[in-house]
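Engineer: Sequence:
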Amino acid sequence: MTIKPLYNIDQAHLGNWGHNGYRSGWKYEAVREAGNEGFHFIIKPRKLEETFVKYWHMDTKDILELNEIAAQGHSFGAYDNGKLIGYIICEDRDWNNTLFIETFLIAESYRGKGIGSLLITELIKHAGEKKYRLIELEVQNTNFPAIMFYQKNGFSITGLNLKLYNKLDEIALYMTVEL
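Residue numbers for the sequence shown follow UniProt numbering, beginning at 1 and rising by one.
For the record, the hints were derived by calculation from the structure and aren't laboratory data.
Only a predicted model underlies this, so the values are computations on that prediction, with no experimental measurement involved.
Zero decoy hints are in this set.
In the EDC-like style, the derived pairs of lysine to aspartate or glutamate whose C-alpha atoms are separated by at most 20 Å in a straight line are:
1) K54 - E138
2) K27 - D169
3) K130 - D94
4) K27 - E170
5) K113 - D80
6) K131 - E91
Using C-beta positions, here's what the derived DEER-type ranges look like:
7) N96 - P5: 20 to 30 Å
8) L168 - P145: 20 to 30 Å
9) W56 - N161: 11 to 21 Å
10) L168 - N81: 41 to 51 Å
11) R46 - K130: 36 to 46 Å
12) D94 - Y55: 29 to 39 Å
13) N81 - G112: 18 to 28 Å
14) T2 - L162: 36 to 46 Å
Every residue, glycine too, gets a C-beta built ideally from N, C-alpha and C.
Working from the sequences, and respecting the hints, build out all of it.
Structural biologist: Here is the structure:
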């Protein structure tokens, strides 16, 4: 297994990576409570009655946009015998001295083997060397496995957006790791 800088991806790299998305038996719910003294949010996990399945489609336009970001030099790929099997693509946000994880994907047959943690570790090392303040990402509240993964790798939930998605039952959670 090799982790190295990634500057572009294409359909040939992606090949047959299996399920591009996630399955989850849990989600985080956000409840907004308001009163005379202000308001607050409560974010808590809830077991789902049925497994939630999410699929993402990636087309040529998506790949071109990701390649523009990867060309900034803050993205990494995981390779098994020279074959790309995972990547983390990050955008420089100069205005607040952060890196933003735009997308993160591991081929389905390689998931659960520590490859994602290797990519995160390399990204954190790189961001520290470049003197970034923190790394940020956005994750759907229904992507419970990813939230657990990010927490295991040092990220904390630091914000939310109740209206980012069209579907009423999906909200955006923002997570960061300080460097």
